[in-house]
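**Student:** Letter by letter, the chains look like this.
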Amino acid sequence: MSLTLPSSYESASKNSNIKENWAFQLFNSNSYLSFDGTNDYVDCGTTTGSSAVTISDQGTFAFWIRFPTLVDGQAEAIFVNNVIESSYSGIWISKTGDHKIQAHMMDGSGVGSGDRETFISGTVLQENVWYFIVIASNFNHDDSAVNTNWKIYVNNDASGNVSNSGTASINAPSYTTGKCEFGRVTTGTDDYGKFDIKNFAVWELFLSPDNITAIYNSGNYKSLLYDFGNYDQSTNLKGYWEFNNGEPFMQDLSGNLQNGTINGSVYKGFLPLSTTNTSIDDTFYHGVVTSAGSVRDSIDLENSKAKTSNLSVSISNFNYKGSDISTELLFGTYDYFNYNVRVYSQLNDNSTISNCLQIYQGKLTNISHDDGSISLNIVETKPWDFLSIPIEKTTQKNIYIPISYGNYTKNSATTFASPLFESQLSSKAYRPVPLNKTKSDKILYVDGNNTSNDGLLAVYEKSVDTFVPIENGIASNVETDNAYHNQSDLSQLRSFKQRAESVEVSSNTGITIADAEKAFDGDSNTFANYLVNIEQQEGAVRITLEYDFHSISGKSSDDFKILRDSDNLRVLTAQSRDDDDTTFNIDDATNVTERDVIKVDDEKMIVSSISSNTLTVSRGFDSKKESHDNDTLIRLNNTVTVLGLTYQVDVDKSGDDVGNNTIRTRGDILTGFHSTDISKRTIYTHFSNNTTSATIQIEFDLNEIGSTPPSFDAEFRIYDIFLHTQRVSEEPEEMLYVANDGLSEVYSGSSDLVEHGHEALRDILVRFAGVNTATPDGWSDLHTDRNINNWKIRWWALEPKDIQVILDKITYEFGFIFKFRPDSTSRVVYIKQSSELSASQTLTHHDVKNLSISVSGFNNIITKMIINYEKHPAIKEYISNVTSSNNDVRTKYKIKSEENIKEVKLDMNVGTPATTAQTDPNSDFYSYYNNIIGDVKKLISCEVVNSAKSYSMETGDVIKFDDMPVNPFGHTWSQSGSQYYMITSLQRSIGSVKIKCREVG
Amino acid sequence: MANLDIRKPRFYVDLINFLKNRDQFSGHTGIETSSSEQIDVVSGNSVDELYDMRPLNQVEFNTTGNTDGHINLWFNLKANSWKVDFIAILNHNMHRADAKVKVSASETFSEVKAVNHTNADTSPNLISKVGVEAVSSNFAQADDTDSWSAGHTIIELPRTTNTYYGIQFEGMVGQSSLTAEGTFDATHNLKIGCILLGQYYDMPHSPDLSVKRSIDFDGVKVQESLGGQRFSTMTQHGRKSIVDDNKSPFHTHYNSFGAFGGRMSYDMKFSYLNSSDVMPNNYDSHDVTDEAVVEDLWNKTNGRHTPFIFTQDGTSTAYSDYLFARFGQNKLDMTQVAPDVFNVAMRIEEEF
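As you go down the protein sequences, you meet chains L and R in turn. Position in the first sequence (from 1) plus 1068 gives the number in the numbering used here. Position in the second sequence (from 1) plus 442 gives the number in the numbering used here.
Below, computed lysine-lysine pairings styled on DSS-like, alpha-carbon distance capped at 27 Å:
{"hint": "1", "chain 1": "R", "residue 1": "663", "chain 2": "L", "residue 2": "1082"}
{"hint": "2", "chain 1": "L", "residue 1": "1373", "chain 2": "L", "residue 2": "2064"}
{"hint": "3", "chain 1": "L", "residue 1": "2062", "chain 2": "R", "residue 2": "663"}
{"hint": "4", "chain 1": "R", "residue 1": "711", "chain 2": "R", "residue 2": "773"}
{"hint": "5", "chain 1": "L", "residue 1": "2064", "chain 2": "R", "residue 2": "663"}
{"hint": "6", "chain 1": "L", "residue 1": "1373", "chain 2": "L", "residue 2": "1973"}
{"hint": "7", "chain 1": "L", "residue 1": "1389", "chain 2": "R", "residue 2": "520"}
{"hint": "8", "chain 1": "L", "residue 1": "1431", "chain 2": "L", "residue 2": "1336"}
{"hint": "9", "chain 1": "L", "residue 1": "1431", "chain 2": "L", "residue 2": "1450"}
{"hint": "10", "chain 1": "R", "residue 1": "663", "chain 2": "L", "residue 2": "1917"}
{"hint": "11", "chain 1": "L", "residue 1": "2062", "chain 2": "L", "residue 2": "1450"}
{"hint": "12", "chain 1": "L", "residue 1": "1565", "chain 2": "L", "residue 2": "1510"}
{"hint": "13", "chain 1": "R", "residue 1": "462", "chain 2": "L", "residue 2": "1389"}
{"hint": "14", "chain 1": "L", "residue 1": "1693", "chain 2": "L", "residue 2": "1629"}
{"hint": "15", "chain 1": "L", "residue 1": "1970", "chain 2": "L", "residue 2": "1373"}
{"hint": "16", "chain 1": "R", "residue 1": "462", "chain 2": "R", "residue 2": "520"}
{"hint": "17", "chain 1": "L", "residue 1": "1721", "chain 2": "L", "residue 2": "1748"}
{"hint": "18", "chain 1": "L", "residue 1": "1431", "chain 2": "L", "residue 2": "1877"}
Hints were generated in silico from the structure; no laboratory data involved.
Please build the complete structure, drawing on both the sequences and the hints.
**Tutor:** Put into structure tokens, the structure is as follows:
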């Protein structure tokens, strides 16, 4: 969709002979927003009782305001923070019909005097005079102390007595779901206010006189966004708007997202300049611009970026209000630096700004001058310039509160009692959360997002690349220290099973090996097979297998802690035992598990089985045996390593008599002698905690029966060999991981989880950059094409990152461009499937001059990509990668196998790129960029001299060419599959629009 | 003169801008508002912009807020040697605002600042030149031919050499005579684009016959497409009416439809000027008693620096014959064609 021109502007542009003037509005600290009292208002969105601006306990409002005309009996609505149509709600601020400032505190029911408490300043205001108003109150309605409870300052003077009316008898306003607005009250019949305003601030505190005197600033406007002098409450602003910067919407600078949409109100008080003397909206524009420069807007499809050039303007150093204008622009009465500059194209002297086309908005960043002329450098700015995220910190240790987007998946619980293999802990869709502090018996990790179900923390086991949930995890998180926190217990106990990493045969005397690796292939149904088929031979054959395991994180030395029951009471022995007893009665065995290691006195025991509160134990594990008294303290070891072997024995495969033959294992785990078939089973043996290898010798022993040499046709299957470990942390882990989903969107009101890249971009813009919630042009189509798994995002930030860098990465990884239009509305641009393209304009040789045709060049094509995606949460690697290739093009251009390959790292995109490009380029990352850079594309540049077509053009528009004096290379202009072009660069100056286009389908 | 026929030209040269440009001590102009009877500009306006030589940039006075008040502009020439014989008020709406002007001069500063210029030394009998309906003593009423009547007025006065001058605007409603008190219009504020005060200079004789007059639409850019279509963009068309009471100098129609566009210019050559009409008697210091092209014209305008009012016929009283203009050349060539006789050429270009 190209630019929508004002109707009269569009009408004028249709004429091939037009008069064009560029008008410049230089905003400054003396600019303001003007409400006409007829239908102008600023809509700052919905508020509820929990909104920042709906203050309840106490409050202060401060604003610079002017009433250009005063009509007796005419009240002027200024501000409401929670207005509804049916009844009085929230706080209203207005000017009375006898020209005094008043504040209403509403009770939320009815529309009578009994539904409000009203507080009226005694000071009568004058027409067309700027006033600094401060209303400060503890919200107490007590009529006898009204001048104590309510202070209304007019230019730092609160001596005008405040009077009270209304009988609601409330000491706090009532709030519901309402609207926050300037210039309008919509309860009953809509009432509008006529006034000019520079700023408006809200605090939920009774601002001190020192602060109020400071912000009055001796009658000179000063931003309240930062502390100065005795003003020290800027960080407590609940709402703050500045109306003097020419912004397209009113950003709530307090960061509380109560951004406002301007309806009809117009900016005034700017310095009006132009290329010729003119008047727009009754404002005289000084025709002093000697060079208006040109505005260049470009998009980079290959990198999915948009850019607008700086604008250099030259003006005469003319006499302005008695002095050279150079004295006004810097170090003069008002501030212009870093304020907005708006540039409009005015056709045929049209006298209304709404009939002019805004062609640029930037900020004045540099000025130079000599005696006769001034150069103004205006730079395109974005709301997120110089902003980084995250910026919120915990209050105690100043840890940045993470920001995260995407859908995360946690692994199933794994405990020492019910451990899972690492292959069952397959999800890596986690995100890191940093350690904050220990509170009570919990260790807190800063999550940033609330959850009641997904706050379970996990430890990253680097050696096996697995996220192991903490055994005593807590699903819900807790809000404390300015952030939501996940919680772990103090020990950070975790347990899981890891299969062997590798096996080596150190000796073999005649055993056949099949599928040795299947003992640790992640599948408990497959097996390694060790076979013998020996005829009439006596003696044993053996194979020695050495299995290696990964080292596991956490404390590896013993970690005996007092055994406690479910009520957290200490558990004692319930009987005395001699050193050879193998059963042990204890008070409560609830928290004891088979294969636990316990310690009574100085003796360690392995728990073999549990029956009620009776433990069967293996005595003297790794320590001496000794007798024990009744009521002896029991300790439980939190660090355990158990070797597990799942095996099966078939001793008579061919059905022969097995005779005296036996099969057994020797070494680190013992099966015992088997002379009969053994079904699949698992046996365990405890290891010391530092063990990372196990040696097993499988022995097939042929023993003769009488004088006949024995034969043996048998096999030993190993389904799994694994280490089952339980560990704790020596110290609280600096970083744990959680699968709590990321942020939900704030831009449409749906509160849906942000799952896709384009959604994340828009949420960042609204949530962190203060961009308003208006839907960007082209959003619907983009969302339709990209609301699929292949464009999903998982991304987090633990430390501040420049928002521009983040946005650039999003747009690249998710294949679209976000740009601001000249009027500061926004647009998303991407390339649609060829069959979906249509042209907004068709240019012929009657419309253009200086036509040039070129191609993107062989050096700019990429025909093969190695794409790393799904960024790993814990290490600087990627979970997945794929090699994608356009072999047709590689063949066509005779590209060698190792040439023209680009490695791509996607830190956010977790979708799966295709290995070969799909017909619809919006299917996935590779298909999208292959459509752009996978082959040579035609480039067209020209100057569009027909204003009827050029003035509505913008970058991102798809256009066609026809009826040209020359065809593009061997194509025609209507070549199927390559007839559409996207405008990638547009340079506009007075009477001229130069464009560059790229073939897109 | 009909058809802008060329006779002996006259230049109305502004002394205020000359002094502002040359005198580092400034303080040559101001508005007196110390009395409740005196009117100031509307908030956001600056009285200094009355002398910015940009007539379309009007200054608005709050006459509707004090209809029986007075606007007292003062001028301090810092010496009583400067010759003053005209006041030009460009792009004003005196008729719509029911305003008239009073001019006085004095050697006592406070007298020209005071309401009604009480006790001022000089109350010159004003002479109607352009855009004047009536004059009486030192009062003048602007042309009221058209109801909208944003006007341009040149008033001449007997040449005076006072240090201080006062221009007072006051209302006309209810006045018993032009010299009596009246009130301003209650609806429309008085707006004035530009005020010039100084000495006019008449060329000794008419220019040579070969005068070239041009009208140049110099803001037009024509582009041609590959297909031969031509597209034109115009950045300005010259004289204009921004609104019906804000017009380019000496344009009188209420809108731009009625304006003659383009930039008018004259290339003129004056032959056989006596050296005394070209150069001052002495070039080491100015001589206010002298009358010469360089003394009164080229030096006072700082060459092409400062605009002036030009008429190709100094006897004319018609708007049509006047241009707000500046010199189009950086240097003034004086070619001696006989002993003590010179030819001088000059180019005059219109300002809007």
